[in-house]
Amino acid sequence: IKAGDGGSGSPSFRREKFIEFGGPDGGDGGKGGSVILKSERNLNTLIDFRYQQHFKAKRGGDGKGKNQTGRGGENLYLKVPVGTQVFEEDNKTLIFDFKEESEEFVVALGGRRGFGNTRFKSSTNRAPKKFTKGIVGEEYRDRDHTGKGLCPVHYNKRKHSFSSTSLRKRVQDAENGRI
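Here the sequence shown is numbered in the working numbering, starting from 1 and rising by one per residue.
Please note that the accuracy of each hint is not assured.
[Said to hold, decoys possible] Here are the simulated DSS-like cross-link-like pairs (lysine-lysine), alpha carbons at most 25 angstroms apart as the crow flies:
{"hint": "1", "residue 1": "K121", "residue 2": "K133"}
{"hint": "2", "residue 1": "K66", "residue 2": "K129"}
{"hint": "3", "residue 1": "K121", "residue 2": "K17"}
{"hint": "4", "residue 1": "K58", "residue 2": "K38"}
{"hint": "5", "residue 1": "K56", "residue 2": "K133"}
{"hint": "6", "residue 1": "K79", "residue 2": "K38"}
{"hint": "7", "residue 1": "K99", "residue 2": "K79"}
{"hint": "8", "residue 1": "K99", "residue 2": "K38"}
{"hint": "9", "residue 1": "K129", "residue 2": "K64"}
{"hint": "10", "residue 1": "K38", "residue 2": "K92"}
[To be verified] Derived Cβ-Cβ restraints for the label pairs, each shown as a range:
{"hint": "11", "residue 1": "N91", "residue 2": "R41", "range": "22 to 28 angstroms"}
{"hint": "12", "residue 1": "I47", "residue 2": "R126", "range": "57 to 63 angstroms"}
{"hint": "13", "residue 1": "T45", "residue 2": "K133", "range": "36 to 42 angstroms"}
Think of the hints as simulated: they come from the structure by calculation, not from any bench.
Idealized CB from N, CA, C, for every residue including glycine.
Throw the hints in and build the complete structure from the sequences for me.
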């Protein structure tokens, strides 16, 4: 499972024939798409995950000149049956339990967008060449699908992914309705 990367900002400058000092006009990049699990009442198995194991959300588009922001990546929704459980890599710690229809859980968060050089202009630096690249989206390797009564889903953290403490914080936010 791989969330989309954020798009990079643009280091563009305005250049026109009769405009003497054009200045920076680089736009920001787009936000990367997230991978979201959504519960469906009409499903009763995880057979769809048997034949397709790799899921990638769209990446954000890069910024352009004329202060044009890059396109945001689309979120990828994976449908799971009601009663599915998401476990930590140790197969004991329950992260999320889908108890009702249309519940959503963000498995991998999309990358943040990069800033164009317009964001860095100031009274002292009127022509900044600085811009930032987009942040890489989170990535997980799907480890195990077991076919118990309500089909628990197991996820294994991959190298260069975020820590389990931030995952627990996101789960707490989801339980409190802050997502």
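Open item on the list: Run through the hints listed earlier and report the numbers of any the structure violates, in increasing order.
Closed with: Violated: none.
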